[in-house]
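Peer 1: Sequence:
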Amino acid sequence: MRRRVSLRVLVTAVLLAGLGLVGVAARAERAAPFGDSVAVVQDAEAGAGALRIAAAAVEGYDVRTRAVAWSYRRDGHRPLRLVPVGATTVAVWDDGMLTGMEPEPAAVRWHRYVPGVGARTPLLLVPLGTGGASFLVLTRDVVMTYNTGDGTLRTSTLPSIAAGCFFRDSGPAGPVHVGGWVLARRDCADGAGRTELEGFDLDGRRWQRPAVAPVRMAATAAGDVDVLAVPAGRSAVVDPVTGRPARECVCAAR
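Here the sequence shown is numbered in this note's numbering, starting from 4 and rising by one per residue.
In short, the hints are calculated from the structure, not lab data.
Even glycine gets a Cβ: it sits at the ideal position worked out from N, Cα and C.
Some hints here could point you the wrong way.
What the hints assert, rightly or not - Just the calculated beta-carbon pair ranges, DEER-fashion:
(1) G79 to G134: 13 to 23 Å
(2) T68 to G207: 34 to 44 Å
(3) V240 to P87: 24 to 34 Å
(4) P125 to R197: 13 to 23 Å
With these hints in hand, go ahead and build the complete structure from the sequences.
Peer 2: Structure below.
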């Protein structure tokens with residue numbers, strides 16, 4: 004039986020193709036993103052050592068005195084969260100825009116719009132690999148990896164299972180970062196599909212495995228991931244490279 008592909012997924016695929024062409028041109032010649040300007044606070048003593056969200060703006064502030072050194076805002080939009088990725092902090096906005104920023108000197112490095120993302124669309128951003136050179140963006144319609152330095156797109160992948168699904172973004176079943184890998188759990192509503200555990204590296208999604216929901220995931224000292232199925236109370240150690248058990252036995256959770 005042929006699987007139906009939603010109109011939203013088709014539109015997302017077209018947008019991804021367009022982003023690839025735009026990315027080539029953008030790498031050839033990059034102007035200042037959208038003509039951004041930063042409002043500098045007239046305080047000679049304030050030096051921005053970190054970033055924070057205040058009302059509808061991102062502020063660079065002095066970590067010692069808490070004084071604001073500069074602020075940045077996008078008219079009509081507000082920042083939802085800040086995700087540190089190496090030396091860059093990525094601001095996630097309510098319209099799906101991502102902004103790469105640095106506190107000192109004040110710099111808005113780049114903007115990237117994630118296709119198919121609106122004000123109420125869940126968007127998960129996770130550092131990927133070592134040293135903060137790249138990051139992973141997970142949405143219900145598309146999975147993308149980006150270079151942190153200039154925001155250029157590395158890879159894009161469409162969902163592996165039916166629409167109506169989402170990635171767990173926090174809590175015991177939230178993503179786990181292990182070395183150069185990220186493991187994330189994806190849930191679907193009743194009748195829309197199944198629960199999967201998916202593994203990502205710099206080349207995007209590399210594997211997906213059926214998972215028993217709900218689960219708790221935690222990195223181990225050996226570089227594996229301990230996956231606990233609840234309420235069954237069964238624990239398995241998973242190899243992040245393959246998604247398969249790292250050891251032959253599956254032991255009861257203690």
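Peer 1: All hints are to be evaluated individually against the structure, with a verdict given for each.
Peer 2: Results of checking the hints against the structure:
no. : hint                     : result
1   : G79 to G134: 13 to 23 Å  : violated, 35 Å
2   : T68 to G207: 34 to 44 Å  : holds, 43 Å
3   : V240 to P87: 24 to 34 Å  : holds, 29 Å
4   : P125 to R197: 13 to 23 Å : holds, 18 Å
Hint 1 alone, counting from the list given before, is not met by this structure.
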